[in-house]
Amino acid sequence: MSQATHLYASASTNRYSQAAAVVGHGLVAFGSGKLVALWDAADDSLDRGVFATLPAHDGLVTCVAFVHDSLIATADDKGWHPYATVQGHKSGISSLSVLDEMIVTGGSDAAVKVWSISQGETGLHEVQSISIRKGYPISLALAELPGTKSIILAIGSTDRHVHLWTRSDDTFVSATVLPGHEDWVKCLSFKIPERTGDALILASGSQDAAIRLWNIEPFARSTLSASSSSAGGVTDELLDAFEESLVNLEDSEDGGRSISLKRHILTVKTPEGSQLFSVTFDALLVGHEAGVTSLSWRPQGTPDDIPTLLSTSTDSSLILWSPSTVLTSSTDGTTLWINRQRFGDVGGQRLGGFVGGLWARDGADAMAWGWNGGWRRWRCQSTEDTEKTTLEEWSEVGAITGHRSPIRSVAWSPAGEYLISASLDQTTRIHGAIPTTTHDGTITPVWHEIARPQVHGYDLISAAFLDALRFVSIADEKVARVFEAPREFLEIVNNLGVAQLDSGEEARPRAAAVPPLGLSNKALTDVSAVADVNATYDTTRTRRRPFEGELAAVTLWPEVEKIFGHGYESIALAVSNNKQYIATACKATTPEHAIVRVYDTQTWQLFGEPLAGHSLTVTQLAFSPDDSHILSVSRDRTWRLFEKSDSGYVPIAADKSHGRIIWDCAWAPEGDIFATASRDKTVKIWQRPETGQKWTAVATLQASAAATAVAFAPDHPGSKARTLAVGLESGEITIYTTPREYASQWTNALIIEKSLAHIDHIHRLAWRPTSGREDCAHQLASCGEDGTLKLLTVHIAAE
1 MSQATHLYAS
11 ASTNRYSQAA
21 AVVGHGLVAF
31 GSGKLVALWD
41 AADDSLDRGV
51 FATLPAHDGL
61 VTCVAFVHDS
71 LIATADDKGW
81 HPYATVQGHK
91 SGISSLSVLD
101 EMIVTGGSDA
111 AVKVWSISQG
121 ETGLHEVQSI
131 SIRKGYPISL
141 ALAELPGTKS
151 IILAIGSTDR
161 HVHLWTRSDD
171 TFVSATVLPG
181 HEDWVKCLSF
191 KIPERTGDAL
201 ILASGSQDAA
211 IRLWNIEPFA
221 RSTLSASSSS
231 AGGVTDELLD
241 AFEESLVNLE
251 DSEDGGRSIS
261 LKRHILTVKT
271 PEGSQLFSVT
281 FDALLVGHEA
291 GVTSLSWRPQ
301 GTPDDIPTLL
311 STSTDSSLIL
321 WSPSTVLTSS
331 TDGTTLWINR
341 QRFGDVGGQR
351 LGGFVGGLWA
361 RDGADAMAWG
371 WNGGWRRWRC
381 QSTEDTEKTT
391 LEEWSEVGAI
401 TGHRSPIRSV
411 AWSPAGEYLI
421 SASLDQTTRI
431 HGAIPTTTHD
441 GTITPVWHEI
451 ARPQVHGYDL
461 ISAAFLDALR
471 FVSIADEKVA
481 RVFEAPREFL
491 EIVNNLGVAQ
501 LDSGEEARPR
511 AAAVPPLGLS
521 NKALTDVSAV
531 ADVNATYDTT
541 RTRRRPFEGE
551 LAAVTLWPEV
561 EKIFGHGYES
571 IALAVSNNKQ
581 YIATACKATT
591 PEHAIVRVYD
601 TQTWQLFGEP
611 LAGHSLTVTQ
621 LAFSPDDSHI
631 LSVSRDRTWR
641 LFEKSDSGYV
651 PIAADKSHGR
661 IIWDCAWAPE
671 GDIFATASRD
681 KTVKIWQRPE
691 TGQKWTAVAT
701 LQASAAATAV
711 AFAPDHPGSK
721 ARTLAVGLES
731 GEITIYTTPR
741 EYASQWTNAL
751 IIEKSLAHID
761 HIHRLAWRPT
771 SGREDCAHQL
781 ASCGEDGTLK
791 LLTVHIAAE
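Going by UniProt numbering, the sequence shown opens with residue 1, and the numbers climb by one from there.
Calculated directly from the structure, the hints in this document are not laboratory data.
Hints should not be assumed to be uniformly reliable.
No farther apart than 20 Å at their CA atoms in a straight line, the calculated lysine to any residue pairs in the SDA-like style are these [what the hints assert, rightly or not]:
id: 1; residue 1: 579; residue 2: 629
id: 2; residue 1: 579; residue 2: 645
id: 3; residue 1: 269; residue 2: 142
Beta-carbon label-pair distances, calculated as ranges [to be verified]:
id: 4; residue 1: 265; residue 2: 302; range: 28 to 38 Å
id: 5; residue 1: 414; residue 2: 592; range: 34 to 44 Å
id: 6; residue 1: 125; residue 2: 720; range: 51 to 61 Å
id: 7; residue 1: 741; residue 2: 704; range: 24 to 34 Å
Glycine residues also receive a C-beta, built at the ideal position from the N, C-alpha and C atoms.
Work the whole structure out from these sequences, hints included.
In structure tokens form, the structure reads like this:
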């Protein structure tokens, strides 16, 4: 039976602080565009990264949270399936919190809605709708009050306050409002007490860069009466005077913070009667230089473990906070919260900083994702017998990365060792398979991003290799740019076992850098010039896969050539199979600009005259296997064929059989047929009879949606059939086969559904070159509008 299996997925995380969640030992779910991606962060042996993507939404995923595994989703041999889909708000959902079978959502419609999951029933049931009169709910947190089953709901709002609601008689009622923050309250997190008698701690983080801790604990009326009578009112006067002095201090000093010592009293109805709880301000944590984006309490193994709070900020820092007990007298102890660890980048120069963070592996890993969607992860290296007072040792380890915008192209290196992707996020990225040893001693290739050779100022459209160490790319500009690998890339590839390359390593520049306000990567030969304040150079860095911070800083390739000629922005690129020619096309609305320019890679000069004939934008180009022909397809619904001569390529054939735009084209390995994919939901197979010059459509493959990408599989030893992959606008991939001697008898061998392929327009498909190796004979790379890059192993059943 024909089937496709997942091998690698590259996906970024959405720019929302609640777009990721973790459950168990380290199963991470995060929103990636309209998808929910799953990553096993506890996979120590292989660290495969994203192992599944779940299509479920029609818009960007803003919030993710785990409920019970059996309630939110089910997993069987057919994969994950949505449990329920509910239209809950009139506008986008900005916050989400879960407690047992209760789900609370906050939306941009200024409403907070409470939902319940009933066992044995399918779907969610709305229990209550809470209207926020001032501001919008942008953060939520749920917890049980200490010693009771009553639930408290904290709502962080754009009105700079934390609103507390308590549940009485199955309905939430407003309890109190906690002032203090000077900007939007972006994140909330409850610390559940480990012992009876301990306080419930609420942490609130704000755009004002401050974190506030609030203690919530049972309160007796007798305590209030006794304190009032014994103090005779003096205590209240002293507190009022102290608060007034703090306000004066705030007004007189820059950067002062408002501190209120007021005790807020909550009344909760329980089956035993009314019960009082007090909410008091406990600590102000100041350490971030910009807005706080997320808060997460570290899972505690035992009640004796020191409470630790993880916070992330747009200043590109992640801080671990924990209390340090300072004895002020022989009988009194004051808890002082301090900054135990600080991770991230110095100076906060990374655009956007960290969007959110969480814990994995039961608190052994602290992780955060950044503005560009990539993750960074730090692991605690301390042993189990380390004393509680000993400062923990942390080190950065690898995490997952991905493009944050649609990926427009993917292409393999000539021998198939690695592939390059180009995206509208203005980066090109190289992905390679690193041989990894498992616990049982077997070696398995595991795919990771190993370089980010181009970080541009324009959206990148396409990239293709000229050889193993050079590639050319086009962006939303008139210029095509050529890049050559630096010495550091060769060291990484060779040391990690991705490939064995040897091409004048010592003569190459060490790395590259982009000058301020520049677009061209300049070569660097001095190691000290390579050193980045957040990614300093050392020899050990080339012996492991680069981290997210290093990928963005020190894996650039020097630019060695620019190719000019087009009058408008580039749109299509192709490289000949012998790597001697480059063909490019640009956006066009007139025949004057709807031309194809062919360049010689030896001289970087135009080879022959520009290829005219189309009237609108040329959407794709393809060289025949022997480079004797160039095939072009266009928005004008035609394809045109050009044949090589001594003076350049000349037109020999054209056809307008498609009814809509032709998105893609591809040649069969034998060069006797080619395919065109169109928005008219057809793929046409064209063949030239042995006698005569006219190419005719020998087969028309009907698709369920617009055909947007097409690729023939390379020749496989012993194979008696041709294999064709077709990517659709819906995100599905269809595999067709035909006997090698018949170009017209195509059969549908396999449909790769959205859960394994994509959920949106597929831009490019690329089969891995075999290079005589059987292990990659049926590996298919794909990229799409959903921002993911997929690598699948395709098994075609023998006829």
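Cross-check of the supplied hints:
no. : hint                  : verdict
1   : 579 x 629             : holds (14 Å)
2   : 579 x 645             : holds (17 Å)
3   : 269 x 142             : holds (17 Å)
4   : 265 x 302: 28 to 38 Å : holds (33 Å)
5   : 414 x 592: 34 to 44 Å : holds (35 Å)
6   : 125 x 720: 51 to 61 Å : holds (58 Å)
7   : 741 x 704: 24 to 34 Å : holds (29 Å)
Violated hints are absent here; each numbered hint is respected by the structure.
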